[in-house]
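We have chain A; now place chains B, C and D onto it with these hints.
4 protein chains.
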Amino acid sequence: MIGVGVVGYGYWGPNLVRNLADLPNADLRWVCDLQTERLARLRSRYPAVQITEDFANLLADPKVDAIAIATPVSTHFALAMRALRAGKSVFVEKPITATAEQAERLIEEADRRGLVVAVDHTFIHTGAVKKLRELINKDLGEVYYYDSVRVNLGLFQHDVSVMWDLAVHDLAIMDYVLGARPRAVSATGMSHVAGSPENMAYLNLHFDCKLMAHVHVNWLAPVKIRRTLIGGSNKMVVYDDLEPSEKIKVYDRGITLDPMAPKAGERKNQMRIGYRAGDMFAPQLDITEALGSELAEFASCVEKNTKPTADGEAGLRVVRILEAAGQSLAKGGAPVELARESVLA
Amino acid sequence: MIGVGVVGYGYWGPNLVRNLADLPNADLRWVCDLQTERLARLRSRYPAVQITEDFANLLADPKVDAIAIATPVSTHFALAMRALRAGKSVFVEKPITATAEQAERLIEEADRRGLVVAVDHTFIHTGAVKKLRELINKDLGEVYYYDSVRVNLGLFQHDVSVMWDLAVHDLAIMDYVLGARPRAVSATGMSHVAGSPENMAYLNLHFDCKLMAHVHVNWLAPVKIRRTLIGGSNKMVVYDDLEPSEKIKVYDRGITLDPMAPKAGERKNQMRIGYRAGDMFAPQLDITEALGSELAEFASCVEKNTKPTADGEAGLRVVRILEAAGQSLAKGGAPVELARESVLA
Amino acid sequence: MIGVGVVGYGYWGPNLVRNLADLPNADLRWVCDLQTERLARLRSRYPAVQITEDFANLLADPKVDAIAIATPVSTHFALAMRALRAGKSVFVEKPITATAEQAERLIEEADRRGLVVAVDHTFIHTGAVKKLRELINKDLGEVYYYDSVRVNLGLFQHDVSVMWDLAVHDLAIMDYVLGARPRAVSATGMSHVAGSPENMAYLNLHFDCKLMAHVHVNWLAPVKIRRTLIGGSNKMVVYDDLEPSEKIKVYDRGITLDPMAPKAGERKNQMRIGYRAGDMFAPQLDITEALGSELAEFASCVEKNTKPTADGEAGLRVVRILEAAGQSLAKGGAPVELARESVLA
Amino acid sequence: MIGVGVVGYGYWGPNLVRNLADLPNADLRWVCDLQTERLARLRSRYPAVQITEDFANLLADPKVDAIAIATPVSTHFALAMRALRAGKSVFVEKPITATAEQAERLIEEADRRGLVVAVDHTFIHTGAVKKLRELINKDLGEVYYYDSVRVNLGLFQHDVSVMWDLAVHDLAIMDYVLGARPRAVSATGMSHVAGSPENMAYLNLHFDCKLMAHVHVNWLAPVKIRRTLIGGSNKMVVYDDLEPSEKIKVYDRGITLDPMAPKAGERKNQMRIGYRAGDMFAPQLDITEALGSELAEFASCVEKNTKPTADGEAGLRVVRILEAAGQSLAKGGAPVELARESVLA
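Sequence lines, in order, name chains A, B, C and D.
Note that our numbering has the first sequence beginning at 16, numbered continuously upward.
Note that our numbering has the second sequence beginning at 16, numbered continuously upward.
Note that our numbering has the third sequence beginning at 16, numbered continuously upward.
Note that our numbering has the fourth sequence beginning at 16, numbered continuously upward.
Next up, chain A with everything else stripped away, as it sits in the complex (with noise of 0.2 Å):
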């Protein structure tokens, strides 16, 4: 049992609360928020837990082992930093940090101290997702290309651009699942509003083999769309997240090469593409609620001191893609190579 405090009760903290209430290894003892109103509204439904709007409380608590932080983006750092400092661990929004410097201090320090990092990937808690990572294990053979499209008419954020806001999901998610780690990124992307941040982007990312990897992501769509097709040597995949019960399809096609007799005049046997087309496979997901699994997960490595599976390392490894894109897109589109080290080190 860990004693646990949320800073920032806006769009995702009633999430943290609620299923951090129903937690079973948790003691949910403070919630942090600078509205009042909002406050009002949490009191009626838990009138057990503390309600504050000074942070300080929390990390003033000694009952309190870690604090999971729902704030803008903005204040990741500088709030995570201090609960660290006060030998609290932390469970921090996506994503992680605004800089991946600033990641890299928090790692750093938690690691100083033995605390745990955690950054809520939520996505990779999912049953699709987990499938998504054991079909690439086991069934696609060479990934090809993983290709995201992550659009709907939405709420445009102020301080962040689209891609910090959606494509740090399929971020998160390409880091969970495909074995291999970018090299470089592109991207472009455009406002279509004077002062406002990129409402939409297109990301590339780089690699040091064949796989190539797109996101399209556009808070301007008329339609909502969260389709990601992957394509391997051996099987193919469709993910499509808005599907009620069939998120994963598996298609048994790819294509096929036959060596043709060479023709007059040429010197050596050409192949012949063809393609194969055979059963396509939906299986069973795991329905549990991702944010459950993940929030159990990072109170049980609070317990026992080891690594959650979105520690800060995943979340600085996005972070540092986002901020490679946002260079390349200040750049026309030109590829931004990824750091591997630490700027720290």
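No lab work stands behind these hints, which were simulated from the structure alone.
Mixed in with the good hints there might be a few duds.
Same chains, same label: a pair holds when it works inside one copy or across any pair of copies.
To be verified - Calculated pairs, SDA-like style, for lysine to any residue (alpha carbon to alpha carbon, straight line, at most 20 Å): (1) Lys153 <-> Ala195; (2) Lys146 <-> Asp267; (3) Lys239 <-> Gly289; (4) Lys239 <-> Asp267; (5) Lys239 <-> Thr271; (6) Lys239 <-> Asp256; (7) Lys225 <-> Gly347; (8) Lys225 <-> Ala209; (9) Lys225 <-> Ser211.
Frame of chain A, contents of chains B, C and D only:
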């Protein structure tokens, strides 16, 4: 009534022949192909049409006014130039030529001789694309983006990449429906089969305005997708060519801007960016076969010596983009400026 | 502001409680259930609400004006009658009672005492069904048919058949949107589990006009379908409740009649029956939670002593059809006439 | 190699002619139709085929072994009987005849003369329906229900109702895939155009076992639906004929029965009925054109004097159901028993 010959009776040629045979203002006189087994099939279906393996027979027939060319891309220029020099107008499969320079030479030759050059951009003659142009001109407001996904598990072409095979359709459609012309193009792609041209690619078209255009083409996708999203300041469109009857859906959706009261410490008023979601509307579309209308227009242009909707210039603009996209791809995705003037001039 | 008690905190009760707790013109005073573990869950969520296993406590509280009943169907009548006799208005889960006679008695009792009887026909308070009623009244012309498929792989109910569980929704919707009242009903169905009520059924409603109404309900379907087709002389509608945003589609389609020239030997002119296919239109729908609106209306009716949209009579009409459908099913599908007058009268 | 004549070159005849022309073991010698403009179209496409308005020419040609009949239903019997009496085998459009008695007479005549009678139940020769039969035989367990929806906005037939036009497909498929034969049929339907046969209908087939079969056919639907749900004790199937590639989906879903501890006061153990939801599987289907396989089988049957898959008996069983359905419809939907023995016997 014009006399017509067809050269190339492979994949697309039979469609040209079937439509020309039914056209009231065309007299289909010859079909030429190098493979005799194809011609045998033709002979039993169209006994009145003359069959030959020698293209010179078409050129020598004074009753032939125009020649339709449905051979591999690499042969378009030579065949079309011979036809023009023999005084015949030409209707050339897409893409019009293998290089922009070749297209310019055909246009020049035709202009000098007062002949018609048409390129077979079939899609722009469909009811769906004609409606798209009308919507963009009248209803959408400022066009923010054009995003097309055209993927399937398809036969690899030996001589051309997936861009020349599939993206050419999107470029032809954009050339027809968008008022703006792109300034530059960038492209990334990959071949997953040694010795074969790219089987997947992403193209970005760059404009002088805030319009973004993006095309994803792929021969290695598990499912067939033909979907274009178009966002405008007033309305948005989904064009799904695989929908049997509702190919075009118009959404009365978009963003709204409301001034917000300035927060303490902020100097200027911020705008709150919201969105509105209204009705959707799927207009009834003209379902006449596009190729029939297109060939009827071509025959009429030859008779009256007028320009077809997709003339040599349209074909040239598309080939210029494909050529620049190939250069960008070779340079790792760096944008390549598009020539606006003839290299011949 | 009215005082409210809820009896039954199983599947649907928590939704009533959540909505009543948020309702400005209701004071949720009591929740009653026989299972203590359910009440424990409730206590931590709503500490201000009084909890009891004894229904008499609700009846005895003079501040309770109305009681919402979300218990098994077989208990509706007894609980509602006790409530009415204690001077409380009632809001009863669908179907209102297990027999038409019971519903008639409740209506009679409430009328005598000037109390409100409402039945929870939730769907008729959704934006989709309200739009359906509007379309039928204004746009569709003469309604030719109403065809609903409501199937899924679902939990079998022990006490009621699939008709009383699922078809009740369609009957409630039809009661609200169609002007006409059925004259008779026929039904076929089957139980595939020994000792269990029917798990699939087909209902036909017979009208005095040319309207056909048909409902297919099934707990044993591999996929979930919630789709209604409505054909009118002017327009047609598809209502798909599983569509996330375009639940209602209006098609400008129908038949056309053109006189044909009489053929040799035919005496009278025949009509050529053709069809026209026009635009499709998906109106934006009100997305307010139906149950909230419904309970707000109920509270207001109790305060002002007015009739709710779904009053006891509406509940009675639906139960009469269900009862007759059960009789038809027992007779192998023969049509059973619907009573139009009270058996009590 | 058999000699073949075709009578009827309207809607379906051209498909017969195209397939017969391509068939290696058939020699298409004659096409007969009463409308000369149709024959003119034919002449230009198939110059080698003899054309006539006089059916007697086909009967008189000793090289004609078989006649394919694609005329209106009301003429099937007379033409087929003339053909049989002239010693020709027959391939008759569905439904085989306008009455069961006519079908019996054709079968009797053919048996007496050792000729082949085939009915064109095209669907049973598709890859999808062949797979359905295989699944029902091997995987589904006890079949609980067969539910088909076959609706669209369609051309009204003047001479036959929607049952004889559309439901005939479902009856032919069920005859082929289900082991059981129906005992009785009930039907309701409506004509919404004065003087026209029914444009919508619902059919229930009654069996001696717990199988339910239901068909909804409609010419007045706003959208096209071709979907069959089949529930079995082990697996369930969705067959959607409009799906381009995944027409058959097999769901590993069903109900489970667990004994429950008896409650106080209950004598016997109750069963808790739950459900299990497992993987879905879409087998790759044979995509050969059904009509081609069917005609090849017919030609082979004529050569070897064997029975085709859909012989006269299959045609008769389907017509018996259609005839009884018409009687049920006239009686307001009362079930009508199906004759199992010949009226001629």
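### Message
For Lys239 and Thr271, with the copy left unspecified, which applies at a CA distance of at most 20 Å: within, between, both, or neither?
### Response
between (35 Å within a copy, 18 Å between copies)
### Message
When Cα atoms must be at most 20 Å apart, do Lys225 and Gly347 count as within-copy, between-copy, both, or neither?
### Response
Between copies only: 13 Å across, 24 Å inside.
### Query
Between copies, within a copy, both or neither: which fits Lys225 and Ala209 at Cα up to 20 Å?
Close across copies (11 Å), not inside one copy (38 Å); limit 20 Å.
### Query
Within a copy, between copies, both or neither: where do Lys239 and Gly289 come within 20 Å Cα-Cα?
between (34 Å within a copy, 16 Å between copies)
### Task
Check Lys225 against Ser211 for me: Cα-Cα at most 20 Å, and say if that holds within a copy, between copies, both or neither.
between (36 Å within a copy, 14 Å between copies)
### Message
My question is about Lys239 and Asp256: at a cut-off of 20 Å on alpha-carbon distance, are they close within one copy, between copies, both, or neither?
### Response
both (10 Å within a copy, 17 Å between copies)
### Up to 20 Å CA-CA - Ala195 versus Lys153, copy category
within (15 Å within a copy, 43 Å between copies)
### Message
My question is about Lys239 and Asp267: at a cut-off of 20 Å on alpha-carbon distance, are they close within one copy, between copies, both, or neither?
### Response
between (27 Å within a copy, 15 Å between copies)
### Task
First find the shortest C-alpha distance between Lys146 and Asp267 inside one copy, then the shortest across copies, and answer within, between, both or neither for a cut-off of 20 Å.
both (16 Å within a copy, 18 Å between copies)
Checked against the numbered hints given earlier, this structure breaks none of them.
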